[in-house]
Every structure is written in C-alpha cells, then in structure tokens.
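Novice: Chain R: place on chain G using the hints.
Chains as they are written, first to last, in UniProt numbering: chain G, 1 to 609; chain R, 1 to 609.
Don't take every hint at face value.
Listed next, the in silico BS3-like pairs over lysine-lysine satisfying Cα-Cα at most 27 Å (straight line) [stated by the list, open to error]:
1) K392/R to K392/G
2) K513/G to K483/G
3) K139/R to K277/G
4) K461/G to K277/R
5) K392/R to K513/G
6) K403/R to K513/G
7) K581/R to K559/G
8) K585/R to K513/G
9) K585/G to K483/R
10) K585/G to K581/R
11) K403/G to K483/R
12) K140/R to K428/G
13) K428/R to K403/G
14) K437/G to K403/R
15) K403/G to K461/R
16) K403/G to K437/R
17) K513/G to K513/R
18) K483/G to K403/R
19) K169/G to K139/G
20) K559/G to K585/R
21) K392/R to K258/G
22) K581/G to K277/R
23) K258/R to K392/G
24) K461/G to K403/R
25) K392/R to K581/G
26) K581/G to K258/R
27) K403/G to K258/R
28) K559/R to K585/G
29) K513/R to K392/G
One-sided excerpt, in silico: chain G residues whose CB lies under 8 Å from chain R [said to hold, decoys possible]:
30) K57
31) P58
32) L499
33) L515
34) V522
35) T526
36) G532
37) S536
38) M607
It is worth saying that the hints were derived from the structure and are not from the lab.
Each residue gets a CB set at the ideal place from its N, CA and C atoms; glycine is no exception.
There are 2 protein chains.
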Amino acid sequence: MQQNRQQQPAAAKAPREAAAQQPAAALVPAAEDAAHAPQEQPHRRPRRPRQKREPAKPPIHIAFLGGLNEVGKNMTLFECQGDMFLLDCGMAFPDDDMLGIDLVLPDFTYVEKNADRIKGIVLTHGHEDHIGALPYLLKKVNLPLYGTPLTLGLVKGKLKEHGLLNKVKMNVVNPGDTIRFGCIGVEMIHVNHSIPDAVGVAIHSPAGTIVHTGDFKIDCTPVWGEMIDLGRFAQLGKEGVLALMADSTNAERPGFTKTEKMIANSFESMFRRAENKRIIVASFASNISRVQQIVDCAVKYGRKVALSGRSMVNVMSIGVEMGYLHVPEGVLIDIDLIKKYPKDKIVLITTGSQGEPMSALSRMAFADHRKVEVGPDDFIIISARPIPGNEKSVGNVIDELMKRGCEVEYGSMYEVHVSGHACQEELKLMQGIVKPKYFIPVHGEQKMLHQHARLAYSMGKRPQDVCIANIGDVIELSEDHMKRLPGAVPAGNVLVDGLGVGDVGSIVLRDRKHLAEDGLIVVVCTISSEDGHVVSGPDVVSRGFVYVRESENLIDDAKDLVFSVLEQCADNGIHDWGTLKTSIKDSLSHLLYDRTRRSPMILPIIMEV
Amino acid sequence: MQQNRQQQPAAAKAPREAAAQQPAAALVPAAEDAAHAPQEQPHRRPRRPRQKREPAKPPIHIAFLGGLNEVGKNMTLFECQGDMFLLDCGMAFPDDDMLGIDLVLPDFTYVEKNADRIKGIVLTHGHEDHIGALPYLLKKVNLPLYGTPLTLGLVKGKLKEHGLLNKVKMNVVNPGDTIRFGCIGVEMIHVNHSIPDAVGVAIHSPAGTIVHTGDFKIDCTPVWGEMIDLGRFAQLGKEGVLALMADSTNAERPGFTKTEKMIANSFESMFRRAENKRIIVASFASNISRVQQIVDCAVKYGRKVALSGRSMVNVMSIGVEMGYLHVPEGVLIDIDLIKKYPKDKIVLITTGSQGEPMSALSRMAFADHRKVEVGPDDFIIISARPIPGNEKSVGNVIDELMKRGCEVEYGSMYEVHVSGHACQEELKLMQGIVKPKYFIPVHGEQKMLHQHARLAYSMGKRPQDVCIANIGDVIELSEDHMKRLPGAVPAGNVLVDGLGVGDVGSIVLRDRKHLAEDGLIVVVCTISSEDGHVVSGPDVVSRGFVYVRESENLIDDAKDLVFSVLEQCADNGIHDWGTLKTSIKDSLSHLLYDRTRRSPMILPIIMEV
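In isolation and in its complexed conformation, chain G is listed as follows:
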C-alpha cells in the first residue's frame, strides 16, 4: 500500500463516519491483519481480547433486480433490519430477438411493493446501464437520489426530458462521504472507469461491511482525477469485509487494462499521419476523458473541434459546464461552421462507434448526414471496441466509409481504445486487498460471472464462499452464512417500445418474429349469415411472403382452396367461426408449406352479411 500514499485521492480527506459509527463487532481486526496495518495509521487501536461470537447479529439481504446473467440493467436492493436502499437503476439495450424494442428496464414490482422502506437510490456513475431506468422508476416511486456531481449532472438532463426535474430530490455526495439509511451507512469510494466521477461503495451494516466495486478499472495515470482509492479498499480489507461484489465485465480477459492516457500517443501519431485530411473520431459520448485527449491533440495540431450526435453534444456541454472537460476558448465550433475551415483544421468528434443505424457516423457512411459528407479527404478513427453483438454493424460502417475513399483506423492497428473495466489481474488484486469472507461476482453474463468465480477459486476461495446468483435471487449474508433465500422476487425484462412501457411481451414478440421470418397472408371472405355459403371473396393479401407477381398461381390456388373449404363447411352445416378459421389455417398452411417450404402467419378474416 505504501507506494500509493502519494496518490491518496482527495476522497481520503473525508471522515470515515461509517467506520466510526459501526458497532465494534463489525470490525473484527484479526491479530495477523493488524500486524500489517498501514503505517499511516499512527495510533493503533489497542488489542481487545477476542470476544465470543455475538449470536444476535442480524443478516443483510441483497435482492438482485438486474445486472446478473446479462449486461446492463444494473440494479440491486440492499436491506438490513428493515432499512433498504437501491444501488443503481440502469437500463439495457434490447437483444436481437427483441424485435422493434427501444430499450429494456428492470421489473420494478418489488421496489414499488417496498417503496416506503426504501430510503434512497445510490448511483455509482453516469452510464446508461446504471442510471438509464431512473426516469421510469421515478414516475412510479419518488425516491431521493445520491451521486457524485457529474453523475447527478447527467441524471438531471434525463429527468428534464421526462418532465421530472423539480420533483426529485438530488443529493450530491463525494468520495469519502457516507450516506446514512437507518442502520446502513453507504460510503463512496473513488474508482477509475471510462467516465469521470465513478465510485464503488462500502456498505456498512450491523451485519458487516459489503464492498461493491461498481464498474471499475485500476488506472495509475488517469486523464481525469486521481487513481482509484486502492488505499481505502485495502483498509476496509484490513478491518474485515463480509462480502465483495465486483464488476465481471472483463473477467474473461487476461492481463491488466491499459491506462486511458496511453490513447494520447496513438492519437498523436494518427494526427500526424492524417496531415491534410479532416479527422473524424467516433467514440462513446460519455467518455469525457477520451474527448479531453482528442481536444488536447486538436489544440496541439491547431485544429478546431466540432461535435456531432445528440448525446455527444449533450454530455460534452454538461462536461464543459461542470468543469470535467477543459476546452480552450475558440477551439470548439458549431458543426454548421466546419465548412468555413480547411479540412486539415478540423476534428469532428461523433457518436456511432457501435455502428448504430441512426447514429451520426452511420449516417455519414451511408451518405445520409445532413451536415457532413465524407470522402477521400477524411481520416476516420473508430475509438471504441464493438460491444458483443455489434461487430457486424460496426464492420458494415467501416466498409462503407472505405468505399467512399475514407482512411479508417480501427481495431488493433493503432491503440485506438482502452477498456473502462478491470481485467483478470486487476480483479484478482481487488480480491486480494479486500479479502472478503464471501465473494459475489456481479455485472455480467453467466460466462463472465463464471470466469470471475474461477479467479476467486484460483486465489484460494472455497466454492461455498462464492455465489453466482441470478436476477430475482435474494441472498442472505451474515457472519456465518451466505445463502439464497427460497422464492425469487419479480425480476426480468420490461420492454419499452415507443411510448409503451411493458405493453410488448412474449406473445407480441413471438408474432413479430413469425412475421419477420415468413411474412403474412390475410384471407378475407364474406359468407352468408343464412347458410354460410361464400358471398364474396375469398381475397388474399400477402406481405413479406413472396413477390405476388411471381406467384400468381400460388395465390389463385390458395383462393380456390379457401373457397372449397368454406363451401364444404357450409354443406356440412358447420357455422362455428373458430372451426372455420382453423380449417382455413390448416389447409392453407399445408398448401403453402408444400409449395414453398415456408410458414407465413395466416390471418383468416370472415365477415357475415
């Protein structure tokens, strides 16, 4: 720990209220730990004779409402002796099979049910997967928010959009501060991540201390702020930690995540190579440190900076306003002005690094951007790694840009991106200094949680002291056990499609999938209300099934078939509409499958006159 002392972040100045207020029994400094206690602690606590275990210590409950077995939607409810608080309230992006869905929220049922016992929401940082579901929750349950200045700055913009701005109480807290929720104290601990002002937390409760890293990496030379407060994590480890919950995003990746600062060198050499071309950099809108480095490089090479993409403009204006992004006077220009400057005097920073179809970069690639036209005079840098599932769309955007003659830098040729999450060596280091009794990997798909658990085993943890949980699980932790409580709380995906929240579910999605794969046949027919015989029709309308012109015979045969089915039913005195519709569906789907090997959705519509 000593080599970090000079880097001790500002956070350390704040009083360790929580620790001080803890019941003494929660701190259990073992004799051998005390011997290695950090030297900056001038007065060692006097050794107390070991007490017998106090049997009455209450347990703490952790209900996972999101973020396990999935990426995104991070939301966890903690409860001890009836006091509750939420950690984060994130959204997720829809999977490929969630056709037409805009975003995914956690299920708020359990939160609504316990609304009167929940004292607040603590936010670890300002990424969508940690704050994105807030407006939707706050419309149902009004709870006070606690977060660092930038995090709340970003939340503010979000609440404004949803007309919630002055209805929610927002409390700015800083690393080192402790928030009190009844018997629970939540201490904020500075960490490094791909957005400034990120924190982990130490949850001090009568049951013991739980450390949650939030999203983190170890960056000894961060672009913004101090190095992660490893000192505090280690100190907590010395004092005794009941459980560690840690970010599993990069648990599959060996090694150590590189420092954000390394990007500067790559950018410098690319800026030199770009020479007389316009430079366009695509990056995550929230990565203020990345943008800072691009701005610094632009200043050095005498280029103006313009921003493209709504979220990029939003976040950067918040960043500048709040002092997280430093741009010298006159460097930032409006995108409308870029044509007034020579190409080699411009850097354009844009969204779209994930190949999102409607993003600024995609629109440039497909010549659909109102203000920017790209070509051989453009040097484009994709400063991000494709999130799993986006590889293909990112590849398509790169292909299109290259077809227009742009030079494109991406992937491994230059170091155009570093991750914001800890890799295996950092994860082990965190476990090693926090020394928790129990380990719960969080934030990640099953395979990431598994690899993270493997790291714990490799450091000597016993399988029974590691818990791979699922959303909906409630874990009970106390000094002598960690167990999953029977019965799960409601947790799952609430889908947002346009203005609808939760009105699209599995049946609607199943229909969309069916329509997507084989299209639709609507059969309309009017029958007589007297004898059931066909009065007019049947008519067949198809969409997404087949070119009608090439399949006139098939459509005619379908009409003939439906006609004969209906007439036969009429002859046999069958008038029940359910039976009629089923007969049409069955016979028609046979015909179509036989002739095309496809199974379009069949919608029989019968009218009676």
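Specialist: Same frame as chain G, but now just chain R:
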C-alpha cells in the same frame, strides 16, 4: 526456399504441363531472378537475349460474381480469347437484415448468358462458400466440375440431395495437374486450409500467369498431408506472374496463423482435466483435421467417439470412407449408444460451434436435444472462433451450458482453435515469393481488402498496381495494364427462402422488417356498393403490435376513427378504393403514432356488398 525442400509435397511430382505448354513469351525470367533460381533445377535454361515486347498479346478478363465486399459466395469467371472457366461457386449465409432467408446465392445471369463459352468449373476446396451454390447453378447450366478427391466427394453428397448426381460430369484432379480450357491451363497447387485437399491455382493464359491462392494458410506441420507447396508458388514467381489474387479473410490480423497441430496439446491437457466427465467438443463439421486430433486424443485416453449433427455425421462418413479421417476399429459409436458407456468413456463431437439456433449444441444448451442431456458431468469445448455477427449467439449458448452446470472451455483460456486463413505475415510472404506485377486482394469485406492492399503497399507495390474490385466488376489484365472495364455484369444476392430461389427481394424484405419492428394492424370493413356507407365493421385485428387487452381503448378508438373516415368519404361521394384505403391508413397511422410512437403496418381491407 531451400529449407522447404524436404517438405516438398507430393504435388511436385506431377509434370508442370502448363508451364511447358506456355508460349515462351509468358515466362520472361529476368536475369536477376534466374540467378536465384532454386538449385533443384539441374539444367538452367540458356539465357535468351531479351525480346522486344510483343504487342499482340491478348488480355485476360476477370469477372467477379461474388466474394468481394462480402464474406462467402466466392465465384469468379476468367476469360481469355473467348475461352472461359469458373473458379468456385459458393453460397453465403444471410445477414441479420435478410429476415427469414436461408441462404444467399450469386447472381447466375452472366454465367447463363455465356454458358456455351464456359468450359468448366474449378473448385478450390469443399467449403460451403466455395461449393454451396453449385446445385442451384447446375440446375440451370450443366458444366463439368474439376476438383480434388475430397472436394468432389463433398460435392457429390450435395448433388445427391438435389437429384443431380448422375447428370453432372465430375473430374478428379490433383495438385500438380493442369486442366486445359482451350487456351487456358489451370494448374492445381496444394495449399493448407481448415479442410484437407484444398488447392490454389495458377492460371496460365496467353495473357500471362495469374496465381489465385484460394483459401489458404501456411502450416509447416499440418495434420493432414503436406505443407503448402510454397516451392511451386516461388517457382511461378521466378517465371513471372502477371497477377496475384489472394485470400483476405485474415488480412486484419497481425502475425502468423498457428499450426493446426498445436491444437493437440491443448486437447490433451483438457482431456486430462476433464477426468471423469463426458467430453463434448463443438467444431466446424468440415474441419476433418480437427476431428482427427480429437479422435486421436480420445483413443489415447480410452474414450469412444460419437457424432452429433447432420453435417458432422455426413462429412465424417465421407472422410472415413475416402481415407481422410482415420478412426481405429470400434472407437466410433452411434450416438444412441452413448448411454451404455460411463460418462468418462465418451467424447461427443458436435456441430453448433457458431451458436446456430437449430444446431445440436444449441439444442443441448436449451434442453431440446432428443438424445443428449447435459449437466455438471459434462466438459464442453467450443473449438471454433465466432464468425463476426455470431458472437452474441455463441455467448448465449455458453451461458446456458454454464447455467446447467457444465464446464465450458472457449476463447482464449486454452488454445481451442486456430484459423484456416493466412494472417498478415503469411500474406506478405506469399506476395514476396509470387512477385506479381499486379495484386488483387479477394475473399473479404472492404476493410479486409483494404488492409490486404495496405500490406502490398508496405512491400512496395504502387497503388495503381493494386486493384480493390467489387462484385460485378470486370477487370482486364495484360502485360501493360490493369483496368476496370466500363459497365458491370449482373452480380448480387439471390435469396433462397425454403424452396423459393429469388422470389424474395427487397420489397418483401422491407415488409418483413416493417412487420418485425412494429407489427401489423388489419382493418376490415364492409361497405355498401350503392352508397358507400359502412354495412358492417370496421373490425381491427393486430399482430405483433401491442397486447390487445392492455390497449382496448386504443383499438376502440381506431375502430371509431375508421368508421368516421369511411362515413365522411361516403357523404362526400368518394368511392375510389385507393382513396378510401389511403385515408384510412393516414388517419390511423397518425392516431397510433400519437398514442404509442409506433408505426405498425396498416392493411385496410374493404369489401363491398
């Protein structure tokens, strides 16, 4: 080259017919090249005084029908002095936006148009992206096939399925052989790839020699057969090569692709770790060498081998039958028998390494496999890398397997896979020994072709001597120029959906996409043929739009709106059906967008009585 002499493959034994038959002018051995000629050539050709350039040399034309700016669908037409032949005839897998499509074929229009001038189809190896479109082409144009034994063995199975087996002439050729198509000689050259019996070709024509690598890698210790015949490529380089066309699949990856043999060590250590568990390995069905190594390992550790997945069973039975896969008597057992053996005596080799939803491994993961149930007693190895676009579905399969308690090895933890394609150092090596005048990167998306071109520039090629072409382009090559001919030939995607070939196009796909994203509203109404007033209805049926139960008001409002629109039209004497339908669509889509921010497809159906 000398260090490779011991490894000179069997191919070298065959007479170099093509070279011998070449007009002397095509060989132009420059004085400085002759000085470095390989020593195994005992009698140097006597130096001839340099001749003046013969101006009458005819050009050769290359028409790209597939495989450029895309992965898959490899198919190229060569023509010199009216003689034509096709190289490969592959299919591609559909992109995500090709909803419901099974596979993608090249456009055969240009081939059909020139059917009488095309002398045959040369196949480089038996992968789907090189032979998969054959049955569809051969149904239209009957052409003789030329390929190595395994390649034709795999084609045979394909033709049988399509009822074409005895209708097509198949000619077995081996490395070293030269096929004559009029003035063109096509020489087969042994290469390494992820399937045995792969070849590159040297196309000897009056215009000069063109070398096409096919899919290749350099494997100095291949599991099957000899090392790639670098000696022959180098010899061609010495003799003078007009153009090199080379595989760009891995052009973005630095370094050298590892030898297939390396896999054996990884498998050994995993087999040891698996101990008393059943081992399940997912791999590409066509990778016979991979399966050979798994079988060898199974034999060593006393396990029986069973196969799962139709293509795995098919390819391996061809492999065994033709002598490409060696399995000791009694090792291979039927999948129905695996339950008769203890788990630690079984290795199951299965398809599904790409997470394909209907594959054997996916079905195991989602507990939907009729014969195999997986759980904590299974040790599963995913011996493949996800093809771009498949990362997410592969991840899902791994997650599900882990949730069932399986141990899963994948990705970088062990070396579970090596590529079958050359990386940057190999690609440069190939360029360095073939020393072509012109360079044409093939097989890959734009970004891969670009990176491959960059490698050529880094080796000193001038941009004007490198051609990044597109499908549909026809390139003319001769000793003094390489140019794109004006006008493109038909080339694109012909979509196969069920039995339909080409009957699903952009309109149908656009409809499917629309239906997939927002679903469908069908409005049915019967109006009077006399005055146009509503007789019955309107009725509204929705699919994939919204839960009807939650939106009864919306549906009722929609009905009311359509009713009033129709009545208004009737009052105003508007009877034109086009106008009626447009009015319904417009007013309804406004209502729905206003209330839901969604735009479902609206199908108004009006009946008249």
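Novice: Take the hints in turn and mark each one as holding or not.
Specialist: Now for the hints, and whether the structure bears them out:
1. Restraint check for K392/R and K392/G: satisfied, since their Cα atoms lie roughly 11 Å apart, inside the 27 Å limit.
2. Among the hinted pairs, K513/G with K483/G is inconsistent with the structure: their alpha-carbon atoms are about 39 Å apart, more than 27 Å.
3. Between K139/R and K277/G, the direct Cα distance comes to roughly 51 Å. Violation of the 27 Å bound is thereby established for this hinted pair.
4. Only pairs whose Cα atoms come within 27 Å are accepted, and K461/G paired with K277/R is accepted, the gap being roughly 23 Å.
5. A hinted pair counts as satisfied when its Cα atoms are at most 27 Å apart, and K392/R with K513/G qualifies at roughly 18 Å.
6. Proximity of K403/R to K513/G is assessed by CA-CA distance (about 26 Å); at most 27 Å being required, the pair is judged to hold.
7. Between K581/R and K559/G the CA atoms are separated by roughly 22 Å; this keeps the pair inside 27 Å, and the hint holds.
8. Restraint check for K585/R and K513/G: satisfied, since their Cα atoms lie roughly 24 Å apart, inside the 27 Å limit.
9. A distance of roughly 57 Å separates the Cα atoms of K585/G and K483/R; the hinted pair therefore is violated under the 27 Å criterion.
10. For a cut-off of 27 Å, the pair hint linking K585/G to K581/R stands: about 26 Å separates their Cα positions.
11. With a C-alpha separation of about 18 Å, the suggested pair K403/G and K483/R falls inside the 27 Å cut-off, and the hint holds.
12. Our distance criterion of 27 Å between C-alpha atoms is broken by K140/R and K428/G, whose separation comes to about 62 Å.
13. Straight-line distance between C-alpha atoms of K428/R and K403/G comes to about 23 Å, which keeps the hinted pair within the 27 Å bound.
14. For the suggested pair K437/G and K403/R, the alpha carbons sit about 24 Å apart, so the restraint of at most 27 Å is met.
15. For the hint pairing K403/G with K461/R, the CA-to-CA distance comes to about 20 Å; that is within 27 Å, so the pair holds.
16. With a CA separation close to 24 Å, the supplied pair K403/G and K437/R stays within the 27 Å bound.
17. Distance restraint check for K513/G and K513/R: the Cα-Cα separation of roughly 10 Å lies within the 27 Å cut-off, and the hinted pair is therefore satisfied.
18. For a cut-off of 27 Å, the pair hint linking K483/G to K403/R stands: about 18 Å separates their Cα positions.
19. A distance of roughly 13 Å separates the Cα atoms of K169/G and K139/G; the hinted pair therefore holds under the 27 Å criterion.
20. A threshold of 27 Å between alpha carbons decides the hint, and for K559/G with K585/R the separation of about 25 Å falls inside it, so the pair holds.
21. The hinted pair formed by K392/R and K258/G meets the criterion: a straight-line CA distance of about 25 Å does not exceed 27 Å.
22. At most 27 Å may separate the alpha-carbon atoms for a hinted pair to count; K581/G and K277/R exceed this at roughly 52 Å.
23. For the hint linking K258/R to K392/G, the alpha-carbon distance of about 25 Å falls within 27 Å, and the restraint holds.
24. Pair hint K461/G plus K403/R holds up; C-alpha atoms about 20 Å apart against a cutoff of 27 Å.
25. Between the alpha carbons of K392/R and K581/G the distance comes to roughly 39 Å, so the proposed pair goes past 27 Å and is violated.
26. Distance restraint check for K581/G and K258/R: the Cα-Cα separation of roughly 60 Å exceeds the 27 Å cut-off, and the hinted pair is therefore not satisfied.
27. Distance hint between K403/G and K258/R is unfulfilled; the C-alpha atoms sit about 32 Å from each other, more than 27 Å.
28. Between the alpha carbons of K559/R and K585/G the distance comes to roughly 25 Å, so the proposed pair stays at or under 27 Å and holds.
29. For a cut-off of 27 Å, the pair hint linking K513/R to K392/G stands: about 18 Å separates their Cα positions.
30. The beta carbon of K57/G is not positioned within 8 Å of any beta carbon in chain R (closest approach about 33 Å), and the interface hint is therefore violated.
31. Proximity of P58/G to chain R is violated relative to the hint, the smallest CB-CB distance being about 32 Å (cut-off 8 Å).
32. Because the closest C-beta pair between L499/G and chain R is about 5 Å apart, less than 8 Å, the hint holds.
33. The beta carbon of L515/G is positioned within 8 Å of a beta carbon in chain R (closest approach about 4 Å), and the interface hint is therefore held.
34. The criterion of a C-beta within 8 Å of any C-beta in chain R is met by V522/G, whose closest approach is roughly 6 Å, and the hint holds.
35. Residue-level restraint check for T526/G holds (minimum Cβ-Cβ distance to chain R is 5 Å; threshold 8 Å).
36. A distance limit of 8 Å between C-beta atoms decides the matter here; for G532/G the minimum to chain R is near 16 Å, and the interface restraint is violated.
37. For S536/G, the suggested interface contact is upheld, since its CB lies about 6 Å from the closest CB of chain R, less than 8 Å.
38. Given the 8 Å rule on beta carbons, the hint for M607/G holds: about 5 Å separates it from the nearest Cβ of chain R.
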